[in-house]
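Asks: Chains as they are written, first to last, in the numbering used here: chain B, 518 to 769; chain D, 279 to 489; chain U, 21 to 258.
Any given hint could be a false lead.
[Claimed, not checked] Listed below are the simulated BS3-like cross-link pairs for lysine-lysine, each with C-alpha atoms no more than 25 Å apart in a straight line:
hint	chain 1	residue 1	chain 2	residue 2
1	B	661	U	248
2	B	528	B	713
3	B	581	U	152
4	B	599	U	152
5	U	152	B	661
6	U	152	U	73
7	B	661	U	167
8	D	343	U	219
9	U	73	B	581
10	B	641	U	167
11	B	661	B	641
12	U	68	B	581
13	B	599	U	167
14	B	581	U	167
15	U	167	B	639
Just so you know, these hints were derived from the structure itself, not from any lab.
No experiment lies behind these values; they were computed from the predicted model shown.
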Amino acid sequence: MEHCNQKVPNKIIISISALNKWFGDLHVLKDINIDVEKSERIVIAGPSGSGKSTLIRCINALEKFRSGKIVVNDIELTDDRKVVEQIRRGVGMVFQSFNLFPHLTILENCTLGPIQGMSLPKDKAVDNAMHFLEKVNIPEQANKYPGQLSGGQQQRVAIARSLCMNPDVMLFDEPTSALDPEMVKEVLDIMVDLAKEGMTMICVTHEMGFAKEVADRIVFMDQGQIVEQNNPNEFFTNPQNERTKLFLHQIL
Amino acid sequence: MLNTISLTTLSFIIGFFIAIPFGLARCRTGTLMSKITYGYVYIVRGTPLLVQIFLLYYGAGQFHKELRQVGLWWFFREAYYCGLLALTLNTVAYQAEIVRGAVEAIPKSLEEAGASVSLSRFQIYRFIHIPIATARMLPALGNEFVLLLKASALVSVIAVTDVMGQARYLFSETLDLSVFYIAAINYLIIVLIAEAILRKLEKRNIWLATY
Amino acid sequence: MFELIALLAFGDKGWGDELLKGLGVTIALAFATIPFALFCSFLVAWSKQSPYKLLRMAGNAYTTVFRSLPEILTLIIIYYQLQAIINSFTSTFLPGISIGISPFIAGMIALTLVFSALGSEVVRAAYSAVGKGQMEAAYSVSLSRRKAFFYVILPQMWQHMLPAFGNLWLILLKDTSLVSIIALSEIVRYTNMAIATTKEPFFFYSVLATVYVVLSFISGRVQTVMEKRVNKNLVSEH
Numbered sequence: 518m519e520h521c522n523q524k525v526p527n528k529i530i531i532s533i534s535a536l537n538k539w540f541g542d543l544h545v546l547k548d549i550n551i552d553v554e555k556s557e558r559i560v561i562a563g564p565s566g567s568g569k570s571t572l573i574r575c576i577n578a579l580e581k582f583r584s585g586k587i588v589v590n591d592i593e594l595t596d597d598r599k600v601v602e603q604i605r606r607g608v609g610m611v612f613q614s615f616n617l618f619p620h621l622t623i624l625e626n627c628t629l630g631p632i633q634g635m636s637l638p639k640d641k642a643v644d645n646a647m648h649f650l651e652k653v654n655i656p657e658q659a660n661k662y663p664g665q666l667s668g669g670q671q672q673r674v675a676i677a678r679s680l681c682m683n684p685d686v687m688l689f690d691e692p693t694s695a696l697d698p699e700m701v702k703e704v705l706d707i708m709v710d711l712a713k714e715g716m717t718m719i720c721v722t723h724e725m726g727f728a729k730e731v732a733d734r735i736v737f738m739d740q741g742q743i744v745e746q747n748n749p750n751e752f753f754t755n756p757q758n759e760r761t762k763l764f765l766h767q768i769l
Numbered sequence: 279m280l281n282t283i284s285l286t287t288l289s290f291i292i293g294f295f296i297a298i299p300f301g302l303a304r305c306r307t308g309t310l311m312s313k314i315t316y317g318y319v320y321i322v323r324g325t326p327l328l329v330q331i332f333l334l335y336y337g338a339g340q341f342h343k344e345l346r347q348v349g350l351w352w353f354f355r356e357a358y359y360c361g362l363l364a365l366t367l368n369t370v371a372y373q374a375e376i377v378r379g380a381v382e383a384i385p386k387s388l389e390e391a392g393a394s395v396s397l398s399r400f401q402i403y404r405f406i407h408i409p410i411a412t413a414r415m416l417p418a419l420g421n422e423f424v425l426l427l428k429a430s431a432l433v434s435v436i437a438v439t440d441v442m443g444q445a446r447y448l449f450s451e452t453l454d455l456s457v458f459y460i461a462a463i464n465y466l467i468i469v470l471i472a473e474a475i476l477r478k479l480e481k482r483n484i485w486l487a488t489y
Numbered sequence: 021m022f023e024l025i026a027l028l029a030f031g032d033k034g035w036g037d038e039l040l041k042g043l044g045v046t047i048a049l050a051f052a053t054i055p056f057a058l059f060c061s062f063l064v065a066w067s068k069q070s071p072y073k074l075l076r077m078a079g080n081a082y083t084t085v086f087r088s089l090p091e092i093l094t095l096i097i098i099y100y101q102l103q104a105i106i107n108s109f110t111s112t113f114l115p116g117i118s119i120g121i122s123p124f125i126a127g128m129i130a131l132t133l134v135f136s137a138l139g140s141e142v143v144r145a146a147y148s149a150v151g152k153g154q155m156e157a158a159y160s161v162s163l164s165r166r167k168a169f170f171y172v173i174l175p176q177m178w179q180h181m182l183p184a185f186g187n188l189w190l191i192l193l194k195d196t197s198l199v200s201i202i203a204l205s206e207i208v209r210y211t212n213m214a215i216a217t218t219k220e221p222f223f224f225y226s227v228l229a230t231v232y233v234v235l236s237f238i239s240g241r242v243q244t245v246m247e248k249r250v251n252k253n254l255v256s257e258h
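Chain B on its own, in the form it takes in the complex:
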């Protein structure tokens, strides 16, 4: 897999500037500045509590922030409900605990968003859903319920569900951390395919193999700050910061 070395100026899909967030008195995100280009694949790594999940959850407004600016697809994220809903239509999220809707079939899980959130007519939504279910290799499970599927299958459905909204960016919050080891590969394979197709992705993950294979940029966070970011080659062979070195030492 080649990483593009020439910097072709690409559209900036997400721009975060001077982002600060507190949980009460705890300063969990400290002055974050980062831009994400279209089709860029970013992996965010770091120890627990470093704020990685909090950061990406700010992008689709699952977390509120007190100061700073987030711009997604040229729309600035504010408290306005309509703005938030519009941004969420362009940003897909995959959760660590899948969060599939247990009372709906797999197909219904994938059509709920398009029908209710994008006002798509039902038959188009079903076609759309089946297309993406085929993409994640489980079209035959469409009429089953989440409780009947394995963890790996459920997470693949979760990915399909987000893709059905045709997002511009996909956010992954530790997508494989809750899976049994034998199911991690099937999910990572899907994510690699997505990356190859040029989807803009931000992944919070511990899977460094995946990062090496797919990421354009690895962002290392610790204690709420972006400590270091680099392309995978440089990042793993030539860490600059002491904290980065410590982290890499612990996980590799």
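Following the hints, complete the assembly by docking chains D and U onto the known chain B.
Replies: Same frame as chain B, now just chains D and U:
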């Protein structure tokens, strides 16, 4: 006021001691005792307390000749005692279920752990079962006490002068609605005090939350 | 023994038809109250989750008051107070006309208040049992708050609410007997009338108790069926 408190506490305590064997009987499913107690609980919980009070008081009144012969009439003649009996029988049904729930919820693994540190059967009961069951019953029993407090107001229909009975009597004399509001405040105060005491007792058992 | 059974006959000689009429009123009262009671339960639960402190305090005060007062006291206060309010209203605006408040309506209101004080806690518990993750997943597919609640959260809440509401229903059924105190002609009141003429309190109260046990039994069966239906798809096979 005194009547309200005495009725509630007496029926609660007497009911508790009767409920323990009832509840334990319910634990051994399939035996005759457990079926009988199940029937008892089902009937008592399926009928309104009002009907139970009427049944006891007026029903007993119907049999006053027979009761005189057995020498029990002095008991059933008094509205206070009939009310006490009705409340006690009622609370026994609910407390039996509470006892059963608490005893059944003790995991078998604790029994095995006790055996593995070579406690005798009796010691297992004393040091493991009883403390855990008691702690687990506390919130539900506290709740039942409050429910009993509210239920005691019903004995006013057979003319017992508790808080409610007093209010109704005064109202019939004065037609002043405020007597009911004063009664309401009385009940609120008693209930809030009871709940505060309960919370204090529960605090001593916070280890239970981890189980 | 047989003379006792004959007392339950229908028609002029027996009390059977009166008791049946009373039973109808009892059931009607319970069924009439339930939709309002459920609605108020949600309303009060919503106010307890509100970001506005005043609403939260109001919801909590409401729950505390109606959970602590004996139901019969609540019923009597509602009945007489509403009557007093209506009386003062009619005396100032519509002199000469007297409107009575039906004990049925007063019963409905009082029972709704009591039910929803407890019911709001059931709703709250069910809401938090469904979990934040579901709400977040719904948001992530850009559902609005209202749509997320109706399509995702509420369907999952029923599984948690059914047993508790089933209990509250049984309590509601039994509390209808209290409305006999304010002269609603439901089954307890008819029973009292029957006893007043026939002087057979033990028999009639036993019959009354049996009727209630049967009602409880039927309610329990219906609840079991409903629970099975709601749990059908949510049971995980893993």
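Asks: Now, for every hint given, state plainly whether the structure supports it.
Replies: A quick look at each hint next to the structure:
1. Restraint check: the Cα-Cα separation between residue 661 of chain B and residue 248 of chain U comes to about 18 Å, which is no more than 25 Å; the hinted pair holds.
2. Between the alpha carbons of residue 528 of chain B and residue 713 of chain B the distance comes to roughly 18 Å, so the proposed pair stays at or under 25 Å and holds.
3. Among the hinted pairs, residue 581 of chain B with residue 152 of chain U is consistent with the structure: their alpha-carbon atoms are about 15 Å apart, no more than 25 Å.
4. For the hint pairing residue 599 of chain B with residue 152 of chain U, the CA-to-CA distance comes to about 21 Å; that is within 25 Å, so the pair holds.
5. The suggested pairing of residue 152 of chain U with residue 661 of chain B holds, with an alpha-carbon distance near 24 Å, which does not exceed 25 Å.
6. As the CA atoms of residue 152 of chain U and residue 73 of chain U are separated by approximately 22 Å, the hinted pair is consistent with the 25 Å bound.
7. For the given pair, residue 661 of chain B sits about 23 Å from residue 167 of chain U by alpha-carbon distance, which is consistent with the 25 Å threshold.
8. As the CA atoms of residue 343 of chain D and residue 219 of chain U are separated by approximately 15 Å, the hinted pair is consistent with the 25 Å bound.
9. Using a Cα cut-off of 25 Å, the hinted pair residue 73 of chain U and residue 581 of chain B holds, with the two alpha carbons roughly 20 Å apart.
10. A C-alpha spacing of about 20 Å is found between residue 641 of chain B and residue 167 of chain U, which places the hinted pair at or below 25 Å, so the restraint holds.
11. For the hint linking residue 661 of chain B to residue 641 of chain B, the alpha-carbon distance of about 20 Å falls within 25 Å, and the restraint holds.
12. Annotation: proposed proximity of residue 68 of chain U to residue 581 of chain B holds, straight-line Cα distance about 22 Å (limit 25 Å).
13. With a CA separation close to 14 Å, the supplied pair residue 599 of chain B and residue 167 of chain U stays within the 25 Å bound.
14. Between residue 581 of chain B and residue 167 of chain U the CA atoms are separated by roughly 21 Å; this keeps the pair inside 25 Å, and the hint holds.
15. Taking the CA atoms of residue 167 of chain U and residue 639 of chain B, the gap is near 17 Å; set against the 25 Å cutoff, the hint holds.
Consistency with the previously given hints is maintained throughout, with no hint failing.
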